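Q: Using the sequences and the hints given, assemble the complete structure.
Protein sequences appear in the order of chains A and B.
Residue numbering for the first sequence follows full-length UniProt numbering, starting at 1 and increasing by one per position.
Residue numbering for the second sequence follows full-length UniProt numbering, starting at 1 and increasing by one per position.
By construction, these hints were calculated from the structure, which means they are not laboratory data.
Worth double-checking, as some hints may not be accurate.
Each computed DSS-like pair below joins lysine-lysine, with the alpha-carbon atoms no more than 25 Å apart [claimed, not checked]:
#, chain 1, residue 1, chain 2, residue 2
1, A, Lys55, A, Lys355
2, B, Lys123, B, Lys374
3, B, Lys422, A, Lys91
4, A, Lys47, A, Lys308
5, A, Lys16, B, Lys422
6, B, Lys377, B, Lys422
7, B, Lys126, A, Lys355
8, B, Lys377, B, Lys55
9, A, Lys16, A, Lys47
10, B, Lys377, B, Lys355
11, A, Lys55, B, Lys47
12, B, Lys47, B, Lys355
13, B, Lys374, A, Lys374
14, B, Lys123, A, Lys377
15, A, Lys374, B, Lys55
16, B, Lys55, A, Lys123
17, A, Lys12, B, Lys123
18, A, Lys377, B, Lys377
These numbers were taken from a predicted model, which means no experiment stands behind them.
2 protein chains.
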Amino acid sequence: MRLSRYFMPILKENPKEAEIVSHRLMLRTGMIRQQSQGIYSWLPLGKRVLDKVNKIIREEQNRSGAIELSMPTLQSAELWQESGRYDAYGKEMLRIKDRQDRPMLYGPTNEEMVTDIFRSYIKSYKDLPLNLYHIQLKFRDEIRPRFGTMRSREFMMKDAYSFDLTQEGAVHSYNKMFAAYLRTFTRLGLRAIPMRADTGPIGGNLSHEFIILADTGESEVFCHKDFVNFDIPGEDTNFDDVAGLKSIFDKWTSVYAATSEMHDEAAFNAIPEGDRLSARGIEVGHIFYFGTKYSEPMGAKVQGPDGKEHAVHMGSYGIGPTRLVPAIIEASHDENGIIWPASVAPFDVVVINMKAGDQACDEACETVYAALSKAGKDVLYDDRDERAGTKFATADLIGVPVQIIVGPRSIASGEVEVKDRKTGARETMTVEAAINRLAG
Amino acid sequence: MRLSRYFMPILKENPKEAEIVSHRLMLRTGMIRQQSQGIYSWLPLGKRVLDKVNKIIREEQNRSGAIELSMPTLQSAELWQESGRYDAYGKEMLRIKDRQDRPMLYGPTNEEMVTDIFRSYIKSYKDLPLNLYHIQLKFRDEIRPRFGTMRSREFMMKDAYSFDLTQEGAVHSYNKMFAAYLRTFTRLGLRAIPMRADTGPIGGNLSHEFIILADTGESEVFCHKDFVNFDIPGEDTNFDDVAGLKSIFDKWTSVYAATSEMHDEAAFNAIPEGDRLSARGIEVGHIFYFGTKYSEPMGAKVQGPDGKEHAVHMGSYGIGPTRLVPAIIEASHDENGIIWPASVAPFDVVVINMKAGDQACDEACETVYAALSKAGKDVLYDDRDERAGTKFATADLIGVPVQIIVGPRSIASGEVEVKDRKTGARETMTVEAAINRLAG
Numbered sequence: 001m002r003l004s005r006y007f008m009p010i011l012k013e014n015p016k017e018a019e020i021v022s023h024r025l026m027l028r029t030g031m032i033r034q035q036s037q038g039i040y041s042w043l044p045l046g047k048r049v050l051d052k053v054n055k056i057i058r059e060e061q062n063r064s065g066a067i068e069l070s071m072p073t074l075q076s077a078e079l080w081q082e083s084g085r086y087d088a089y090g091k092e093m094l095r096i097k098d099r100q101d102r103p104m105l106y107g108p109t110n111e112e113m114v115t116d117i118f119r120s121y122i123k124s125y126k127d128l129p130l131n132l133y134h135i136q137l138k139f140r141d142e143i144r145p146r147f148g149t150m151r152s153r154e155f156m157m158k159d160a161y162s163f164d165l166t167q168e169g170a171v172h173s174y175n176k177m178f179a180a181y182l183r184t185f186t187r188l189g190l191r192a193i194p195m196r197a198d199t200g201p202i203g204g205n206l207s208h209e210f211i212i213l214a215d216t217g218e219s220e221v222f223c224h225k226d227f228v229n230f231d232i233p234g235e236d237t238n239f240d241d242v243a244g245l246k247s248i249f250d251k252w253t254s255v256y257a258a259t260s261e262m263h264d265e266a267a268f269n270a271i272p273e274g275d276r277l278s279a280r281g282i283e284v285g286h287i288f289y290f291g292t293k294y295s296e297p298m299g300a301k302v303q304g305p306d307g308k309e310h311a312v313h314m315g316s317y318g319i320g321p322t323r324l325v326p327a328i329i330e331a332s333h334d335e336n337g338i339i340w341p342a343s344v345a346p347f348d349v350v351v352i353n354m355k356a357g358d359q360a361c362d363e364a365c366e367t368v369y370a371a372l373s374k375a376g377k378d379v380l381y382d383d384r385d386e387r388a389g390t391k392f393a394t395a396d397l398i399g400v401p402v403q404i405i406v407g408p409r410s411i412a413s414g415e416v417e418v419k420d421r422k423t424g425a426r427e428t429m430t431v432e433a434a435i436n437r438l439a440g
Numbered sequence: 001m002r003l004s005r006y007f008m009p010i011l012k013e014n015p016k017e018a019e020i021v022s023h024r025l026m027l028r029t030g031m032i033r034q035q036s037q038g039i040y041s042w043l044p045l046g047k048r049v050l051d052k053v054n055k056i057i058r059e060e061q062n063r064s065g066a067i068e069l070s071m072p073t074l075q076s077a078e079l080w081q082e083s084g085r086y087d088a089y090g091k092e093m094l095r096i097k098d099r100q101d102r103p104m105l106y107g108p109t110n111e112e113m114v115t116d117i118f119r120s121y122i123k124s125y126k127d128l129p130l131n132l133y134h135i136q137l138k139f140r141d142e143i144r145p146r147f148g149t150m151r152s153r154e155f156m157m158k159d160a161y162s163f164d165l166t167q168e169g170a171v172h173s174y175n176k177m178f179a180a181y182l183r184t185f186t187r188l189g190l191r192a193i194p195m196r197a198d199t200g201p202i203g204g205n206l207s208h209e210f211i212i213l214a215d216t217g218e219s220e221v222f223c224h225k226d227f228v229n230f231d232i233p234g235e236d237t238n239f240d241d242v243a244g245l246k247s248i249f250d251k252w253t254s255v256y257a258a259t260s261e262m263h264d265e266a267a268f269n270a271i272p273e274g275d276r277l278s279a280r281g282i283e284v285g286h287i288f289y290f291g292t293k294y295s296e297p298m299g300a301k302v303q304g305p306d307g308k309e310h311a312v313h314m315g316s317y318g319i320g321p322t323r324l325v326p327a328i329i330e331a332s333h334d335e336n337g338i339i340w341p342a343s344v345a346p347f348d349v350v351v352i353n354m355k356a357g358d359q360a361c362d363e364a365c366e367t368v369y370a371a372l373s374k375a376g377k378d379v380l381y382d383d384r385d386e387r388a389g390t391k392f393a394t395a396d397l398i399g400v401p402v403q404i405i406v407g408p409r410s411i412a413s414g415e416v417e418v419k420d421r422k423t424g425a426r427e428t429m430t431v432e433a434a435i436n437r438l439a440g
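A: Pasting the structure below:
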């Protein structure tokens, strides 16, 4: 992408309304724009990151055996009356009447709808287990949306729903998602800690939040320091291996971790003082097992091997991509801007032309840009008619992992500089060497 | 994907509510499910097709230089009051009040919002031309939603918006989208005919609908038969070539074509009778040039080379992916089911195990499934415990382009059958030959 033809509106000033660093940086880099209170556009740079985050989420959901579909944003009130949540949900639910005066709502979550889909088609235990997910917009009419897309009203959620004949089956489905989440967050460059959590309006009695530690987090969290060293399940994880997944779950829940709602002061104090971690955190995922809470009232039943009808055991599993993006920034930035983990960077590399219009610089830049694009890399080419200093600042601010700097002096001897955004390390090498280094 | 672990709820009976073939087939194959009137879930099989359609749309938008972002679904009423459309839009606009009693709406289109984004950041002609698009859900509260996702209330739209300093520039932007649309529809396996059209509530004075011919189409259309032979712009089309794109536009608008709203009986009758085509059609895309209709009242102005402020010239360009899927089915099916063009097929190939449980069949199927999956193909493996006849019927119904049929008799001599869904042609070959044929 040639920056001269891109739409990446960098703000010169720090926006005053932004209280936390991710919100500030997302506004400054032109990743997002507020359209109404708590409702955002994702501008091109932000959209790229969001797409990469969703791709990783999707790959790990699929790997675990979950199946993607897409449910609509608007739901009929009737469904929620069946589960009893229509009245219970309160003012966060955006209630709507259509032109025929039928009561509708903008889905804040999809337990009812997916249960309705399930009961329409699935009649036998032979079709279980089943896990259906979608990545879809949700709306929760928060009274105080804030921190940009960290707590917005219209937001994106990956929500998965598992269906099993028995509680044991459902626990295995829960463990699948538990392992998939550990893999997902790691691939996003985050270390997330699963913590026993309150189940809130979703209901049920088994629930974990996945929390990343950050000073700006809204939650107060308490855990053992050992989490930092636990192994992440590998790519070769067998999601059908009941005992194997249970051992992952057991390991990751073997030491103390809890949010303030579930905090047990005595248990925490039993940890040696040097191993106690008391911090603030950002919730980036939440998983629930809630048995037959929805299947029972909504009649989602299957015939079991015994020939009788059984209400299915369900769980639901959420990740918020539009919250993950700022969470990654909270975890990875410096005074010059964002430092993207390579897996979610909007571009893999930025080519900085220090002197656009200089023939040697232009040619070298075009060569690098063409070669890396051809190699399948996402390349941003800063071909703007701007001072080199402005370009350096932009490149640091938007946090692309690698910068290739092409200036008139070094290109005279056929060389460019390759800079690592995270470490700041610079290396001088030939154009060819730079291409070979980055095309791989 | 192993069918035994997939969620593809095939209906045995033809659903009574479906009036047209695409609606019937989408319900029967478990591609979609109606959740409320005119509001659909895309079940896994449908979601796969929709994703492939969107991928092609996106690739062609990007090729033409358009830049992707994502605007939210909910908009504030204020924006629409600025353009004057809030009152004008009528009952199709879903109006909503949030918990603070602020008037909102579910976007039926995004001219206002994108103009608001533009005016917030772009101040100089040097940043033009610009074309911003997104693929996002829309809501239009149709009084009579029907034909499944062909005319639904919640639907997906790719909508692009171009911004230029001058009318000439805007016409070139229009021609870019014109060429991109021709390429897009061709890649989707469709022949779409651009027709002069009424501009409706979007406004402006230059507009084309892209129509595919189908007996079930809602529009009556009139055109010259020559369209069927016109060349489609190639992959190497230079979208910066003003004259080149104009010649494409001129060619494709050189002979008569109009929807009934714009029909000129005299002009049509001037065509030799054998060359007249009077038919029904489905609108699959609509492009508009409307000058300063929104930029003027909303103050979207840039400084020109003359130092003065100019309201920008705009166009908007829509394609409906959730309508394209049934349109493709209308254009490509037979009495046994859907016949997907390879580019949008939910799976590239289906492996049919005629006798699940038979060791030789199972092994051959596993070999083919693994080899083709490894080669990057989307493979559906029908490993269900069902009769062969049921599996054949399912494979034909869901319209996967190629079937690999593994039966106990032929596998005894190491052979399988490869069937082309479209032609019905069958070929017997070794397992290896089948893999080599399809892995390419």
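Q: Hint by hint, note whether the structure agrees.
A: Hint check results:
no.: 1; hint: Lys55(A) - Lys355(A); in the structure: violated (36 Å)
no.: 2; hint: Lys123(B) - Lys374(B); in the structure: violated (50 Å)
no.: 3; hint: Lys422(B) - Lys91(A); in the structure: violated (53 Å)
no.: 4; hint: Lys47(A) - Lys308(A); in the structure: violated (49 Å)
no.: 5; hint: Lys16(A) - Lys422(B); in the structure: violated (61 Å)
no.: 6; hint: Lys377(B) - Lys422(B); in the structure: holds (19 Å)
no.: 7; hint: Lys126(B) - Lys355(A); in the structure: holds (18 Å)
no.: 8; hint: Lys377(B) - Lys55(B); in the structure: holds (16 Å)
no.: 9; hint: Lys16(A) - Lys47(A); in the structure: holds (23 Å)
no.: 10; hint: Lys377(B) - Lys355(B); in the structure: holds (23 Å)
no.: 11; hint: Lys55(A) - Lys47(B); in the structure: holds (15 Å)
no.: 12; hint: Lys47(B) - Lys355(B); in the structure: violated (29 Å)
no.: 13; hint: Lys374(B) - Lys374(A); in the structure: holds (23 Å)
no.: 14; hint: Lys123(B) - Lys377(A); in the structure: violated (31 Å)
no.: 15; hint: Lys374(A) - Lys55(B); in the structure: holds (19 Å)
no.: 16; hint: Lys55(B) - Lys123(A); in the structure: violated (35 Å)
no.: 17; hint: Lys12(A) - Lys123(B); in the structure: holds (15 Å)
no.: 18; hint: Lys377(A) - Lys377(B); in the structure: holds (22 Å)
The structure is inconsistent with the numbered hints 1, 2, 3, 4, 5, 12, 14 and 16, although it conforms to all the rest.
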